[in-house]
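Engineer: Sequence:
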Amino acid sequence: DIIVNTTLIVASDSAKQTEIVIENLTKEITAQETLLPQRHRDLEQDSNKLIEQFCFVLNDAEYKWKSATKNGQQRTDDLFSSPINSILPLFPCLDKIRYY
Numbered sequence: 001d002i003i004v005n006t007t008l009i010v011a012s013d014s015a016k017q018t019e020i021v022i023e024n025l026t027k028e029i030t031a032q033e034t035l036l037p038q039r040h041r042d043l044e045q046d047s048n049k050l051i052e053q054f055c056f057v058l059n060d061a062e063y064k065w066k067s068a069t070k071n072g073q074q075r076t077d078d079l080f081s082s083p084i085n086s087i088l089p090l091f092p093c094l095d096k097i098r099y100y
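Take 1 as the starting number for the sequence shown in the UniProt record's numbering and just add one per residue.
Hints may contain errors.
Calculated cross-link-like contacts (lysine to any residue; reagent style SDA-like; alpha-carbon spacing at most 25 Å) [said to hold, decoys possible]:
| hint | residue 1 | residue 2 |
| --- | --- | --- |
| 1 | Lys27 | Ala15 |
| 2 | Lys66 | Gln53 |
| 3 | Lys16 | Ala31 |
| 4 | Lys66 | Leu50 |
Estimated spans, in silico, between C-beta atoms of each pair [what the hints assert, rightly or not]:
| hint | residue 1 | residue 2 | range |
| --- | --- | --- | --- |
| 5 | Ala15 | Arg39 | 29 to 37 Å |
| 6 | Phe54 | Glu28 | 34 to 42 Å |
| 7 | Phe54 | Ser14 | 51 to 59 Å |
| 8 | Phe56 | Asn24 | 45 to 53 Å |
| 9 | Thr34 | Ser67 | 46 to 54 Å |
| 10 | Glu28 | Ala68 | 52 to 60 Å |
Simulated from the structure, these hints should not be mistaken for lab results.
Bear in mind that the values here come from a model prediction, so they are computed numbers and not experimental data.
In this text, a Cβ means the ideal position worked out from N, Cα and C, and glycines have one as well.
Assemble the whole structure, with the sequences as input and the hints as a guide.
Structural biologist: Pasting the structure below:
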C-alpha cells in the first residue's frame with residue numbers, strides 16, 4: 001500500500017484559492033475606489049440640477065403669487081376707493097382722509 005499525505009495538497013489548494021479570492025477582491029476595491037470620485041461628481045451635478053429646478057419653480061410660483069396678490073389688491077382698491085372718496089365730501093370732518 002502507498003500512503004500519501006493529502007493534507008499538504010489540500011492546504012496548498014486552499015491557500016491558492018484564498019490568494020485568488022483576495023486578488024479579485026483587491027481588484028474590485030481598486031475599481032470601486034476609481035469610480036467613487038466620478039460617482040460623487042455625478043451625484044453633485046444631479047443635486048445641483050435639482051436645486052436649480054426647484055429654485056426656478058419656487059421663484060416662478062412666488063412671482064405668480066405676487067402678481068395675483070398685487071392684481072387682486074388693485075381690484076379691491078379700485079372697487080372700494082371710488083365710492084368712499086365720492087362720499088367723503090359729504091362729511092367735512094373727514095376731508096383729510098382719502099382711501100387709495
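Engineer: If a hint holds in the structure, say so; if it does not, say that too.
Structural biologist: Against the structure, the hints come out as follows:
{"no.": "1", "hint": "Lys27 <-> Ala15", "in the structure": "18 Å, holds"}
{"no.": "2", "hint": "Lys66 <-> Gln53", "in the structure": "20 Å, holds"}
{"no.": "3", "hint": "Lys16 <-> Ala31", "in the structure": "23 Å, holds"}
{"no.": "4", "hint": "Lys66 <-> Leu50", "in the structure": "24 Å, holds"}
{"no.": "5", "hint": "Ala15 <-> Arg39: 29 to 37 Å", "in the structure": "35 Å, holds"}
{"no.": "6", "hint": "Phe54 <-> Glu28: 34 to 42 Å", "in the structure": "37 Å, holds"}
{"no.": "7", "hint": "Phe54 <-> Ser14: 51 to 59 Å", "in the structure": "56 Å, holds"}
{"no.": "8", "hint": "Phe56 <-> Asn24: 45 to 53 Å", "in the structure": "47 Å, holds"}
{"no.": "9", "hint": "Thr34 <-> Ser67: 46 to 54 Å", "in the structure": "51 Å, holds"}
{"no.": "10", "hint": "Glu28 <-> Ala68: 52 to 60 Å", "in the structure": "57 Å, holds"}
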